[in-house]
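Colleague: Next come the chains, spelled out residue by residue.
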Amino acid sequence: MNGTWLTLFAVGAATFAYRLSCIEFGSNLEASVLGNPRVKRLLRFVPPAAFAALVAPAIVVRDGALVTNPLDPRLLAALVALVCALATRSVLLTLTSGMLALHAVRFLLGG
Amino acid sequence: MTRWNEFLLGVRRELPMQLGVVPFGMIYGVLAVQSGMSPLAAQLSSSIVFAGSAQLVIAQMLAAGGSPFVILLTAIILNVRHVLYSASLGPHVGRLPRRWRLALAYLLTDEAYAVAIGRYVETAEKPPQPDERHWHFLGAGLTLWSFWNASTLLGVTMGAQLSPAWGLDFAIPLTFVALLVPSLGDGPSRVAALFGAVASVVLVAVPLKLGLFCAMLVGIAAGAMWEVFMGGPKPSANPEGTRA
Numbered sequence: 001m002n003g004t005w006l007t008l009f010a011v012g013a014a015t016f017a018y019r020l021s022c023i024e025f026g027s028n029l030e031a032s033v034l035g036n037p038r039v040k041r042l043l044r045f046v047p048p049a050a051f052a053a054l055v056a057p058a059i060v061v062r063d064g065a066l067v068t069n070p071l072d073p074r075l076l077a078a079l080v081a082l083v084c085a086l087a088t089r090s091v092l093l094t095l096t097s098g099m100l101a102l103h104a105v106r107f108l109l110g111g
Numbered sequence: 001m002t003r004w005n006e007f008l009l010g011v012r013r014e015l016p017m018q019l020g021v022v023p024f025g026m027i028y029g030v031l032a033v034q035s036g037m038s039p040l041a042a043q044l045s046s047s048i049v050f051a052g053s054a055q056l057v058i059a060q061m062l063a064a065g066g067s068p069f070v071i072l073l074t075a076i077i078l079n080v081r082h083v084l085y086s087a088s089l090g091p092h093v094g095r096l097p098r099r100w101r102l103a104l105a106y107l108l109t110d111e112a113y114a115v116a117i118g119r120y121v122e123t124a125e126k127p128p129q130p131d132e133r134h135w136h137f138l139g140a141g142l143t144l145w146s147f148w149n150a151s152t153l154l155g156v157t158m159g160a161q162l163s164p165a166w167g168l169d170f171a172i173p174l175t176f177v178a179l180l181v182p183s184l185g186d187g188p189s190r191v192a193a194l195f196g197a198v199a200s201v202v203l204v205a206v207p208l209k210l211g212l213f214c215a216m217l218v219g220i221a222a223g224a225m226w227e228v229f230m231g232g233p234k235p236s237a238n239p240e241g242t243r244a
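Top to bottom, those sequences are chains D and P. Under UniProt numbering, the first residue of the first sequence carries the number 1, and numbering increases by one thereafter. Under UniProt numbering, the first residue of the second sequence carries the number 1, and numbering increases by one thereafter.
If we strip away everything but chain D, and leave its shape as in the complex, we get (with noise of 0.2 angstroms):
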């Protein structure tokens, strides 16, 4: 077994590890950790901040320097996505819509 199979199995469990943590000892946890209305208000800001901080660099940084282009073209083809998820509350509509949107302005804009 050479470094790369070594390397992978051990980023496997690793991330295994993380993903079982909570769930194993949920029951355990809730009771005490989990179960605390504290600590539930919490989680309950996981799903906005973590997709927030998932979607924003990828649209608004390139190349490691801020888009300040205003008709940058995935900049527009974000912002006809959220409107369309807005909208629409369809994954595929906003996928579609988005991808779209991004090869129009580029077609116009000659990008």
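No lab work stands behind these hints, which were simulated from the structure alone. Quick caveat, the model's predicted, so the values are computed rather than measured. No residue lacks a Cβ here, since even glycine has one placed at the ideal position from N, Cα and C. A few of these clues could be false.
Chain P is faced by these chain D residues, among others (derived, beta-carbon under 10 angstroms) [to be verified]:
1. Thr4
2. Thr7
3. Tyr18
4. Phe45
5. Ala49
6. Ala50
7. Ile59
8. Val61
9. Thr68
10. Pro70
11. Ala78
12. Arg89
13. Thr94
14. Leu95
15. Gly98
16. Gly110
Residues from chain P shown here face chain D by an in silico Cβ test under 8 angstroms; the list is partial [what the hints assert, rightly or not]:
17. Gln43
18. Leu56
19. Gly90
20. Leu104
21. Pro127
22. Leu154
23. Pro173
24. Met230
25. Gly231
Please arrange chain P on chain D, whose structure you already have, making use of the hints.
Modeller: This is chain P only, laid out in the frame that chain D set:
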């Protein structure tokens, strides 16, 4: 809802996200092989690690001659956000039999988390009887696993024919835009999202992508503080309805 109905609903809600997952899986497969991983290792990484960004980092660092220890360190920091997902879902699935806990933990990715937590939140007021929502989680997780592995295979076999000009990598953030919107139900949630977004941009240069995890913590703290300062938690429903 029966188990089977919950399972199918989970599959159905996970499916649209595959528009973002499939290009990502293909890009990963192409890059992993290009960076010198054996096709078998590149493919099995999608089952062993099963976390896209960590897999990409492993492939790129192996190509750059990074030591296994540094790669491990990088990947475990990159994936630390999964502890938050685990904490978020723990109260819902922690009482299930062990085989369920192991299976669901293995399937707990960004995209599966989104669908699973969505189901628990939408039915929080009136949990279904009997509670078979873990089948919903399983359906979402297995769907993602299947598409991720199939698209990896596609990428590994098609090599360099995928054009970056298609901008397919952009589908990933778009997926999370779609997931973000329903989570913005009330004021504090919007504050959490706003601070999470700003912090992740400010912290983008922090090494090892540690900034991403810190930004999530900043967002969570900001939402909680806003709630406290604005007079304590409102009853879970938001008065204006579900629109953000």
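Colleague: Now, for every hint given, state plainly whether the structure supports it.
Modeller: Status of each hint after checking the structure:
no.: 1; hint: Thr4; verdict: holds, 5 angstroms
no.: 2; hint: Thr7; verdict: holds, 4 angstroms
no.: 3; hint: Tyr18; verdict: holds, 4 angstroms
no.: 4; hint: Phe45; verdict: holds, 4 angstroms
no.: 5; hint: Ala49; verdict: holds, 3 angstroms
no.: 6; hint: Ala50; verdict: holds, 5 angstroms
no.: 7; hint: Ile59; verdict: holds, 6 angstroms
no.: 8; hint: Val61; verdict: holds, 5 angstroms
no.: 9; hint: Thr68; verdict: violated, 13 angstroms
no.: 10; hint: Pro70; verdict: violated, 16 angstroms
no.: 11; hint: Ala78; verdict: holds, 7 angstroms
no.: 12; hint: Arg89; verdict: holds, 6 angstroms
no.: 13; hint: Thr94; verdict: holds, 4 angstroms
no.: 14; hint: Leu95; verdict: holds, 5 angstroms
no.: 15; hint: Gly98; verdict: holds, 4 angstroms
no.: 16; hint: Gly110; verdict: violated, 14 angstroms
no.: 17; hint: Gln43; verdict: violated, 11 angstroms
no.: 18; hint: Leu56; verdict: violated, 12 angstroms
no.: 19; hint: Gly90; verdict: holds, 4 angstroms
no.: 20; hint: Leu104; verdict: holds, 6 angstroms
no.: 21; hint: Pro127; verdict: violated, 15 angstroms
no.: 22; hint: Leu154; verdict: violated, 18 angstroms
no.: 23; hint: Pro173; verdict: holds, 4 angstroms
no.: 24; hint: Met230; verdict: violated, 13 angstroms
no.: 25; hint: Gly231; verdict: violated, 13 angstroms
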